[in-house]
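Now for the letters of each chain:
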Amino acid sequence: MTGFPQISFREERLANGLQVLLYRDNRVPLVHVGVQYRVGSSHEKTGFSGFAHLFEHMMFQGSENVAKNEHGKRVDSAGGSWNATTNKDRTNYFETIPSYYLDLALWLETDRMRSLRVTAENFENQRNTVIEEKKQNYDNRPYGLAHLRFDALAYSNWAYGHPIIGAVEDLQNASWKDARDFHQTFYSPHRATLVVSGDIQEDSTLSQIRKHFESIPQKGSPSEPDLSEPERDEERFESMRDPLAALPALSAGFLMGRLGSTDYYALSLLGITLSHGESSRLYRRFIHDQNLATAVTAGPNQYKGPELFNIWMQLQSGVDPQEALRVLEAELEKVRMELVTEQELQKARNQLAFHFVNRLSTVAGIGEWLARFAVYYDDPNRINTDWQRFLSVTAEEIRDTAARVLQPNRRTALVVEAGVKSL
Amino acid sequence: MSSPPPLPETIKNIRYPEVHERQLANGLRVLVVPDERLPKISIQLAFPAGRVSNPDHNLALVPMAVQLLREGTQNRSARQISDALDYWAIQFESKVAMEHTLLAMTALADYLEPMLDLLSDLVQNPAFPLEEIDRLRVRWRSKLAAQRSQPDFLANERVFHSLYPGHPYSKVTIPPPHLEQADQKSIRETLLRYFVPNDAYLLFAGPLDADLATRQAEKYFGGWPRQNFPALFYPSPRPQEHRPVCVVHRPDSVQSRISVAARTLPRAHPDSLIFSLANQVLGGSASARLFLNLREARGYTYGAYSLVKSYRYDGIFVASANVKMDVTIDSIQEFLKELERMTQQVPAQEELHRCQAELIGAFLRQTETAASVGNLELTRRIYQLPEDFYHTLIPTLRDIAAEQVHEISQNFFNPEKVLITVVADREAVEWPLSRFGKVLVYDSEGRKLSEGPN
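Protein chains in written order, with the numbering used here: chain A, 1 to 423; chain B, 1001 to 1454.
Just so you know, the hints here were simulated from the structure itself, not pulled from any lab data.
A portion of the hints provided could be inaccurate.
[Claimed, not checked] Lysine-lysine pairs mimicking DSS-like chemistry, simulated, CA-CA at most 25 Å apart:
| id | chain 1 | residue 1 | chain 2 | residue 2 |
| --- | --- | --- | --- | --- |
| 1 | B | Lys1171 | B | Lys1417 |
| 2 | B | Lys1417 | B | Lys1337 |
| 3 | A | Lys219 | A | Lys68 |
| 4 | A | Lys219 | A | Lys304 |
| 5 | B | Lys1337 | A | Lys68 |
| 6 | B | Lys1324 | A | Lys68 |
[As the list claims (entries may be wrong)] Each pair of labels, with its calculated beta carbon distance range:
| id | chain 1 | residue 1 | chain 2 | residue 2 | range |
| --- | --- | --- | --- | --- | --- |
| 7 | B | Pro1270 | A | Thr85 | 38 to 46 Å |
| 8 | B | Pro1006 | A | Thr394 | 55 to 63 Å |
| 9 | B | His1269 | A | Gly365 | 33 to 41 Å |
| 10 | B | Arg1188 | A | Gly365 | 37 to 45 Å |
| 11 | B | Ser1236 | A | Glu342 | 36 to 44 Å |
[Unchecked claim] Residues from chain B that keep clear of chain A, each with C-beta distances beyond 12 Å, as calculated:
| id | residue |
| --- | --- |
| 12 | Glu1009 |
| 13 | Gln1023 |
| 14 | Glu1340 |
| 15 | Arg1380 |
As the structure is a computational prediction, the values presented were derived from the model and not from experiment.
Idealized CB from N, CA, C, for every residue including glycine.
Using the sequences and the hints, build the whole thing.
Given below as C-alpha cells:
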C-alpha cells in the first residue's frame, strides 16, 4: 500500500507518574482529551461485580470544585461531546471539544483525578441508573442474557468470567464508601494515560498539562489481577431459552493467547476470512448457500489477557442449533487442516490496512488509539507498527494457530432457543 | 479550591471546507471535497427517492432493488461482486431512507479505480437474478420477524403510524405481503424509474481534485442515459387533533419503553433551526432537562432524550426513555411536566447558550472529515436547504433569541396534544395509562387488540 500514514506523537511522563501523549493536527479547531485508567471489571473483588462501571458513573457526580453533572454541562456549554466507557481491563473518560476550550477540559479531568465528591444520595441514584442500564441493554433485549452468560461459561477465572455490568445483588450491596476507597486505590495518576490530540501546540499544551496535573499525588498501588486460565480439554456446553428472542442463536468460543500475542494476529486474520463480508466462508455457507443463519461474526474478543476467539450466529427460524454446530465444526476442520488461499490472505490484509487508515480519520480516533496502545501494550508507538505485524502473518501461521486453538474439545458453546410467545 | 478557567466566547464562524460541483452531460452532478490527509477515498451516489417514493405502494420495491444491486449485474455474479468488494476492502453501504437513497463506498485511495468500476456496474447494469431475489426474500422474512422483538422498533413503528395515519410517512418497514408480491419485473422497473443520473449526485471525498474526480466520473458514469424522473406525490399529512395513548403489548418486557411525540416542521422550514434549539433545551443532550430530571434526579432510567426527525413535507420530535416498569406513569408525568415547562417559561440565557454551543460543536465535528462534509452537502441538496446554509449556520444559531425558542415551544410542545406510546407488557401498564386518555392496545405485529377504558 502506498503512503501508509505515520503518526508523529510526543510522549512525556510527569513526576507523579502520569503518562502524557500529545498529537498535533491543526486542520480543524477541535481537540480530543482522553484519560484512560488501568482499571476495569477484572480488578473487582468477588461480591463487587459491576463496581468499576458503577464507579465510572460516579466520576460525573461531582468533585472538589465541580458540582454534580457539571462536568458534562460545562463540556456541553463549550460545544464539546463527552462520555466514558468501562471494559474488563480499563476505564476511559474522554471529551472532544473546540480547541479554544482545551484548558477547561484539562481542568475538569484534573479535578476528578484529584478528588471525588461521593455522597450516599448520588451513589444511590447512580446505582438505580446502572440497574436500568442493565435492563435496557441486556435483560430487555433479545440475546442480552446470553451475552452476559457466555463469558461466565467460557472463562474459569472469575476475573474475566463475570459481566462488566455486574450482578444486581452485588450492585445492591455496594456502598458509597466503597466508591471513595476505589478512587483512592485505582485512580492514581501513575495508573493513567492522558492523551491530547488535535489542534494544539505541543510545548504550550504540555505546560498547561503540568500546571493542572503535576501536583496530584500518587495514590494506592494495587496488585494486578491474576487473569490466568487453567488448561482444559473438555467441551463446555449450555442451552438456554430467551423469551425475547424471535430466532435461535449460537455462540461458540475458544480460549486463546493474549492481545498482541502471535495467536492474536493470526486469529484476527482468520476471523476476517471466516466472517467479514459476503465473500467470507461462514457467510457463504451459513447465510448464502444453506440459509442456516441470518448473521454471523467471528474473531478475537479484544480483551487484554487471555482472549476468546468468538463466533456468534443468529440462526434462521427452525434451524436446529446442533446442526449449525456440526456445520461450523466442518468449517473449522478445514481451517485447522488446510491453508487459507492467497486470495483470502490478501483480502484479510487489505481489510486490516483499511481498518488502520480509517481509525486515523478523526483526532478522537487517533487519540483513543494512541491511548489504547499505551494501556494495552505499554507501547503507544505500536500505532505506527502494529499493522506490519498483521500484514506479515502467513497462511501457515493461521492454519497452525487454528489447529492448536480451535479444537473441538476446547470449545465453549451456548445455544439460545427462541422463546417469543405467540399471542 | 480551584476555579474553572474563564471561557472564551463561542466562535463566530469557521472557514467551511471548499466543495466543488460539476455536472456531466447526462445531468449527473459531481461533488468533490478534497482532503489530502489520508490515503482513503469515499464515493457516494445519492438519489432523491427513498422508501416511500413509489406509486405502487409496494414498500418492498425500493429497498429490494437497492439491496439486489450487489446480487448480480450483466457482467458479474453475486459471488464475484462480494469477492471484489471484500478483496479490495471496499466498505459498501446502501441506505434507503424515507425520501432518499445513498450508495456509499469507501476504500484505500490505491483502489479508487476498482471501486468506481464496481459502483458503476452495480447501478447501470443490474441483473436482479431470480435465485437472488428468492434468497433475499428468505433472509428478509426472518429480519422482518426479528425486528418485532426490539422495543425501539415497535415504538418507532407505532409513533409513525399514529402521527401519519394513512400517509406514506407512516411506513417505517416492509409489510411481509409486499415482500412476497415484489417480482423481478417490478423491482427492475422501480430501479429504472427512480435511480437515474439526472437527479442524482456523485460525491468524491479524499485525496483528489475536482478535475481528476470529474474525469473519473465521466469515464465510469458518462454513458449512463438520462431518464425522466417521475414527480413524487405526497398527500398532505392530516392535522393531529387529539392525544392518543398507545400500548404495544410486548410480553415478558422488563422495562417500559416510553415515547412522547408530536408533528413539527419540514426540514427546510425557515424555523427548523429554532425548533432544533428548543428540542436541545428539552432533551438534546445529557445536560438537558429530560436527562437531568428522569435519570439524574430520579434514577428512573439509563437515559432520556428528545430527537428531531424531519423530512421534505413534515417533521416530528420524539422524546423517549426506557424506564422501570413501576414508574411508567410517574415517568410520563415528568415528560409532560417538562413539555409544559417549555411552553410556559422562556429558557434562561445560560441554558440557551449551552444548547447553542452544543449544536455549534456538533456541526464543527461534522466538518472534521471530508466524508462527513460530503454528507452535509448531500443532505443540503436533497432537502433543498439554502445554498449558504452551512456557511451561516453558526451565526444563525447564535442569533436565536430565548423568546423565539419559547414561542416555537408553545406551538409544538403542547402536553395536551402529544402522542404517548408505551411498549411494555400490557398487564402492567394498560389500566393506569387511561388517566392520560383513551388507550389503544396493539400487538407486536401492529394489529389493534383493543380499545381500553376512557
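- [ ] Find the hints from earlier in the document that the structure breaks and name them by number, from lowest to highest.
- [x] 11, 12
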